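We have chain A; now place chains B, C, D, E and F onto it with these hints.
In case you want the letters, here they are:
There are 6 protein chains.
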Amino acid sequence: MRVVTFGELLMRLSPFGQARLLQAEALRAHFGGAEANVAVSLAQFGVEATLVSRLPQHALGQAALNALRRYGVDVRYVARGDERLGLYFLEPGAHGRPAQVLYDRADSAFAHAQRADFDWLAILAGADWFHLSGITPALGGTLPDICADALAACHALGVRVSLDLNYRAALWSRDTAFAVLTPLLPFVDVLIANVEHAKEVLSITVGETELSGGEINRARVQTLAQTLAERYAFSAVALMQRNTHSASSGSIGAMLWADDTAHFSRTYTMQIVDRVGSGDAFAAGLIYATLGGQSPQERVDFALAAACLAHGIEGDFNLVSAAEVQRLLDCGTEDVRR
Amino acid sequence: MRVVTFGELLMRLSPFGQARLLQAEALRAHFGGAEANVAVSLAQFGVEATLVSRLPQHALGQAALNALRRYGVDVRYVARGDERLGLYFLEPGAHGRPAQVLYDRADSAFAHAQRADFDWLAILAGADWFHLSGITPALGGTLPDICADALAACHALGVRVSLDLNYRAALWSRDTAFAVLTPLLPFVDVLIANVEHAKEVLSITVGETELSGGEINRARVQTLAQTLAERYAFSAVALMQRNTHSASSGSIGAMLWADDTAHFSRTYTMQIVDRVGSGDAFAAGLIYATLGGQSPQERVDFALAAACLAHGIEGDFNLVSAAEVQRLLDCGTEDVRR
Amino acid sequence: MRVVTFGELLMRLSPFGQARLLQAEALRAHFGGAEANVAVSLAQFGVEATLVSRLPQHALGQAALNALRRYGVDVRYVARGDERLGLYFLEPGAHGRPAQVLYDRADSAFAHAQRADFDWLAILAGADWFHLSGITPALGGTLPDICADALAACHALGVRVSLDLNYRAALWSRDTAFAVLTPLLPFVDVLIANVEHAKEVLSITVGETELSGGEINRARVQTLAQTLAERYAFSAVALMQRNTHSASSGSIGAMLWADDTAHFSRTYTMQIVDRVGSGDAFAAGLIYATLGGQSPQERVDFALAAACLAHGIEGDFNLVSAAEVQRLLDCGTEDVRR
Amino acid sequence: MRVVTFGELLMRLSPFGQARLLQAEALRAHFGGAEANVAVSLAQFGVEATLVSRLPQHALGQAALNALRRYGVDVRYVARGDERLGLYFLEPGAHGRPAQVLYDRADSAFAHAQRADFDWLAILAGADWFHLSGITPALGGTLPDICADALAACHALGVRVSLDLNYRAALWSRDTAFAVLTPLLPFVDVLIANVEHAKEVLSITVGETELSGGEINRARVQTLAQTLAERYAFSAVALMQRNTHSASSGSIGAMLWADDTAHFSRTYTMQIVDRVGSGDAFAAGLIYATLGGQSPQERVDFALAAACLAHGIEGDFNLVSAAEVQRLLDCGTEDVRR
Amino acid sequence: MRVVTFGELLMRLSPFGQARLLQAEALRAHFGGAEANVAVSLAQFGVEATLVSRLPQHALGQAALNALRRYGVDVRYVARGDERLGLYFLEPGAHGRPAQVLYDRADSAFAHAQRADFDWLAILAGADWFHLSGITPALGGTLPDICADALAACHALGVRVSLDLNYRAALWSRDTAFAVLTPLLPFVDVLIANVEHAKEVLSITVGETELSGGEINRARVQTLAQTLAERYAFSAVALMQRNTHSASSGSIGAMLWADDTAHFSRTYTMQIVDRVGSGDAFAAGLIYATLGGQSPQERVDFALAAACLAHGIEGDFNLVSAAEVQRLLDCGTEDVRR
Amino acid sequence: MRVVTFGELLMRLSPFGQARLLQAEALRAHFGGAEANVAVSLAQFGVEATLVSRLPQHALGQAALNALRRYGVDVRYVARGDERLGLYFLEPGAHGRPAQVLYDRADSAFAHAQRADFDWLAILAGADWFHLSGITPALGGTLPDICADALAACHALGVRVSLDLNYRAALWSRDTAFAVLTPLLPFVDVLIANVEHAKEVLSITVGETELSGGEINRARVQTLAQTLAERYAFSAVALMQRNTHSASSGSIGAMLWADDTAHFSRTYTMQIVDRVGSGDAFAAGLIYATLGGQSPQERVDFALAAACLAHGIEGDFNLVSAAEVQRLLDCGTEDVRR
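Order-wise, the sequence lines are chains A, B, C, D, E and F.
In terms of my numbering, the numbers along the first sequence are unbroken and rise by one, the last being 338.
In terms of my numbering, the numbers along the second sequence are unbroken and rise by one, the last being 1338.
In terms of my numbering, the numbers along the third sequence are unbroken and rise by one, the last being 2338.
In terms of my numbering, the numbers along the fourth sequence are unbroken and rise by one, the last being 3338.
In terms of my numbering, the numbers along the fifth sequence are unbroken and rise by one, the last being 4338.
In terms of my numbering, the numbers along the sixth sequence are unbroken and rise by one, the last being 5338.
Pulled out of the complex, with its shape left as it was, chain A reads as follows:
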């Protein structure tokens, strides 16, 4: 199995422990980015995963590339440039104070990518799947065009395509997102989104999808997925619902619309070590289970269990094996293994 993803890899700088940025005398350096996270997660599952991207030549760009190599991602198609490395600062939250992301990614080597940097027919030769998130076109420049190039090549080569909506209000408005994403959606087989973004960015009117008490309104979520699937001819729509209790605890649930049926997963309530990247872990789990020929119910269960585990891993990358995801599905909570 070979999966190709396309997106930016950033350096993430976050204070140690629970410190605020105001207090921090040192910052931990991780690397992450929506599509890179998907690629790393797939590589841990044993999939041949490629990140297509663009990074600066200098030591920080090389460090970012090395982080991908370390976890087994194929980096042959990462172009190199002279611009800066995209950064983001992550301040951990606490009770009553949300975690906070401060983007410092403008003018990065990735944002300056050009269509000529990527020969998609060569890159996608032999690929089984292509994954993209809404963040990549949101970065503007020629990136929407490059996404279109990639999707056209997927179409030509018969590569299946997933898109994670991944809406970020700090990057673009809902209207722009809708305008830019609309021409891309016909090329997409599997749409992944959280419930709120699916409703708002793609303008689906289904009413309040959350019941009082945080429970999901299953009927409305099903309607949402079905509407989307029909409108854009998606073969499947995966929706995740997140319920934040505090910066260190929350719950997640998911539904997969496939074969004209809604398949709901169980809900996980979790202590959170690191919230960032769990949506990408969900996407990777879904792609892995789909490529592995699992049933729709198994797919959504695997994807959500992967997302659950991602909350317990420091950094953006979901460094768990497929066996560990399966163990959570099979055994539930266990004492120390020794």
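Worth flagging that the hints you see were computed from the coordinates, not collected in a lab.
Each statement offered as a hint is correct.
Incomplete in silico selection of chain D near chain F, CB under 8 Å:
| no. | residue |
| --- | --- |
| 1 | 3271 |
| 2 | 3273 |
| 3 | 3311 |
| 4 | 3312 |
| 5 | 3313 |
| 6 | 3328 |
| 7 | 3336 |
Label-pair restraints from in silico Cβ distances:
| no. | chain 1 | residue 1 | chain 2 | residue 2 | range |
| --- | --- | --- | --- | --- | --- |
| 8 | C | 2335 | F | 5103 | 32 to 42 Å |
| 9 | A | 82 | D | 3218 | 34 to 44 Å |
| 10 | B | 1106 | F | 5259 | 44 to 54 Å |
| 11 | B | 1106 | D | 3330 | 28 to 38 Å |
| 12 | F | 5321 | A | 266 | 58 to 68 Å |
| 13 | C | 2207 | F | 5321 | 55 to 65 Å |
| 14 | C | 2207 | A | 298 | 30 to 40 Å |
| 15 | C | 2173 | A | 298 | 31 to 41 Å |
| 16 | C | 2173 | A | 152 | 53 to 63 Å |
| 17 | B | 1106 | F | 5158 | 38 to 48 Å |
| 18 | C | 2335 | B | 1212 | 16 to 26 Å |
| 19 | D | 3251 | E | 4294 | 29 to 39 Å |
| 20 | D | 3107 | A | 295 | 43 to 53 Å |
| 21 | A | 107 | F | 5103 | 47 to 57 Å |
None of these values were measured; they are calculated from a predicted model.
Heads up, the beta-carbon is just placed ideally off N, CA and C, and yes, glycines get one too.
Chains B, C, D, E and F in isolation, oriented as in the chain A frame:
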């Protein structure tokens, strides 16, 4: 708005992570002290906040002073001496084992402060508010006299005064506290205390104020506040009730008696990052909201939300802005902000 | 009071914070081992505690020895060898992912211990109690014989004996454990075990001992203990039941069968700082309370409170005093002590 | 004494210990910038020092501002903007491998400063000295114009002006530097530079100023200073010469041309803890000694001793007192002081 | 260019800073091993470098593999086993106390490698060079046979071979080394060794090769190399001489015998950050320069400059680029680059 | 061999790396004190070493006691009190800036020791040697009397006595030192001092003992020792001379006057990791070599080599074995041992 506070600033030494003092190979250095914490918190809210204190000349005293400057507190009226810096060691707790404070503050430069060190009429000129906690007179020496000097100057200049009872059994007995505080109370406009200390130190008989299950007995707390207000002619009495579940979780509630009415805030149940300084954050929130002309209900809500957030900040200082307090009041729990 | 224990002391290497071994750039070094943990815990209670063991001569072996000395354990009877130091790597868990122990203890200086290394009559002279866990004979070589030597000496000298079953599937099969332990059990006064191991290793058929919802089936647990006590003529059987909610929270309960009666302790639900060594803390608490002449109910209460506190201490060693255990029994949860 | 400086404050991110950026899992955060460093150093000497600058509103910008406040710099005239905070990454060097600075400062809030941000007549009222380095105009945009505004105000108010040439090849070419700086130089009283930059940027032909063996050619350096002083009517020219032995050791010497005479200081050969900011420490020392009315020889001696000490301080800021500089001049090397 | 190496990769555990193992509360984890170090260094030079090895399946084995991938080494031919990961503990030295290596590598997955684990004709297809050090056969078991297999395949495929003598007294005696290495030497093109090992292991009598004062006796070193080249028909012999001043400083020199001529490099005297791996850096530099068609003088200069830089890099791996080595050769010592 | 020492054990708090106290966000905690350092050093040499002292009951006092136990010192005779633990802050120096000790030891449990705390005849029974430094009587209170008690007991029991002058200007004046020490000196067999203190505190006029260039004036140092030996009937006088090059390098030499002859050791020039405690290491080395029956030349050589190694150990304690001292004497500088 200009607020003046008077108290000691200590260096706090605590093990990293969850280590016991017995295990610690290194100690984190923070700075804190009841009134200093109030000043820092007010400075984060944009108030012009002054700490009047006394610190040694040497490098540690300078480091303490610099910690105040860093967070925007006016240090012009900090006298300097040749004695030592007050210290305290803080051992974090765990389930079934309370956090523990080990004071090492005797003979500090502050404990040796003299009346001539402080020209209160000059210091308080232009001030809107003066804040003191019971810890300052508890340190003995000439400090009770200096407190009396300050309060007399407040009276002369029309500066409003708040006193946080802040009873510490390790510093003085209840009887001594009562004897020393009694002559100061007539100068106080707003009394701040937790329910237990208010009852015990000021000898108010209202019966058990906590219901089984940890709920507050609203009627008795109201009686307590009203009795205090009437006895000492306070314009307002703010009472906080703390319910400790374990060293890492607990809940807080509060009531403000003002305008002859009891205003109860909601209760917050929190994961605790750092318990120390949350009472001072409450005092700072109350002063800020009062000076800002908020209603009694808004005052107690703002003060308790500030105290809630303080549990999520490492160190004694409550490094949150007024906007962050307001966001908790307005939005409740939120996912990562990006 | 003098208590002698016999077992291996290993270096434990674990990542900082919540990192996986895959991510770790540094490892914290603690020392631990079932019987060593018991000895250290007893020394904190003021008992004269001796660990009999075998350690390499080199710097790491000396560091291990020093860790025992630091916490007041008598190390006069630790033999020294030329082999390696046993290690284990501990990866912290998270929600849905159990903590994991990776043993690297084969061929250690302890595994190569010889009968001539230990003069048990000399070692045990003046001892009140001897404690052993199932891990020591599980390490094979001549260790089962050495255990038999020690128990024979206890018998000769009238030293009371406790055995903690401490079954580790990674070290031996249930059948081997049963075969090797059976000849040792007649020398044992007090058996300590968790419920599952007691049933499975010693082949007691009592049915499911856990009710749905995680509650203990008291009648069956009592039957289990009574059956064991009768079969092997134990004067007491202490059973602990652990209920894992996640890698960072869980609950524990215990029962002591003594004087032909079952004494159940309360259940503690805890946030977990460090799970390893809590069973050893239970054993140490039981030995301490028994030697101190406490009643059966007091013994099981003290032992379980000690085990509860052990979950809040970093490392294998339960660095709490008897007074701290008693305070938990007397006061329950408290706010910061200052 | 009041000194005003104008320049950018950046966050500096550097690996711990001797790690390369390629290896770094965490970065230490310091703050620095040529003129900010001068201001901090002067504040440690007891001078009233002001940094005029522009910083973003967000948490990182506030952290930068707090770093200045912590060390006593007046920040009243720091404008705030919406752009990013300038960063630089500093990789420590080793034998045969120079330390390396990787700038990431484009598009910062400071680079977007506008003339209207600064009311120079108000800012400079009551100032005794204004200090600028060549880095500020090198950042382009309207910064050269703002520098011209400041210098014009200095001229109007009779404030003395020092300029540190501080040429950075990564920021601008020598030709551009010459073109932009030329109109500013007539406003400058004291020029500070290292010998190489003075020769190359200002196109002074004096031949090789370093003898084989690293010794300075005193006659040529004197000629260089004299030529500069005459060409631009500087009242004094201070030239520093640096001799790099390795990334962790080197030597420095200096000469001050004043009163038509060359005053040479001794040479210091030093182990280097942190090389960055030592030139700024020299400038601060020179300004301090000049304002204090010291003789030319004392000025250059004080400035170079300050620069020497700066090599032993972590971070850009030279956190030493005037007394410590004087002690080096008076006592030389000393054993532990206790 | 493609270079294949064969050897063990170990986890190295060393205290932070200057601590002794006796004091260490935490250990830094690096990965290293003679041939792995060569492969990593070559990969930094842009060479396609392969490490053939055997690692355990578990998390530590995977972490070791990931360390190679991170730095661009091809790991396709790393076999996986069930045994343990080889470890070594490195205690830093100080003045008068040498750094100390404590091996804990017995019974590792690599030591249990079997001939069937490696298909050398497939592995070496397309390779330009094969590198081995004496450590691999020193580990015993079937490793000498596997080395013979590899060398036979090199012979069959025309792949050039270098052997670094790398004698370790802790692993085998000189006699055993001589006996085991002798049948391998006819397959070797380039011998690399330090002067002492070359003399002692291969029993060459040339007299004292070091002059008083630490200078090398050029004539005798030349005789040594020539004798070796003639005896074993090496095309080249590279000898490095190390002069230890203290644990933190020393000097190195080297000579390459090639084309019947001795080519001596300059001597570097260095502050040492990390001494381990510098010999491997020398080997990698020599291979790189030889494959690049450089002259004998250039080869030895490049190799020694690479070794010099390795002393300034934390960990075993020489993380410097070919351009950085060349810069040292071209520019010598430089100030901060910015 | 059994050696008893008497003195205070303090907690030492020092910044990490090279930070100033002004910058420190965390402090490393070591334990040390002149006589405690001697005891620990002797215990590493295999001597049965006892520290007689007084420590607080609380967690910090226990941590101090544990530090002694960890390194094998007999702590049976450490009395416990309710006062505070003595502290000292150590700021590392750099080029041109000396390391600095900030004492915070007033009113410690040791300073409040009483004569009844120590039963010297019991404590010294079976001891071969008693060691004291001038710091203990310098702390005042009843400590000079307790010292006199101890020395009288030594006299009664025939225990040999060494006194390290260890003059600290921060603790007492030279006149007071002279007055307090004079009655103790007749009980002393071996006087240890550095040259300067010996001259100044004991008022010996011998002229300048250091030649220009830092060389020792052997004749005058010999005269000094001989004069002291004769005046006080010392059996031996050991004088150490320290030459500080910078905070991180220096040289030491020593002379032992014994058998009416001066025995000079070689001089060591060292890179310094941690300067504190090297004089105590010298004393320990001298005691060890004397008790071991070594010749005067061997004694001073061993003592100075021990002092040399102490400069390379973090913390006050000289954690080296006698074999390591001997290896420095026998082998000089060595490369990595593996």
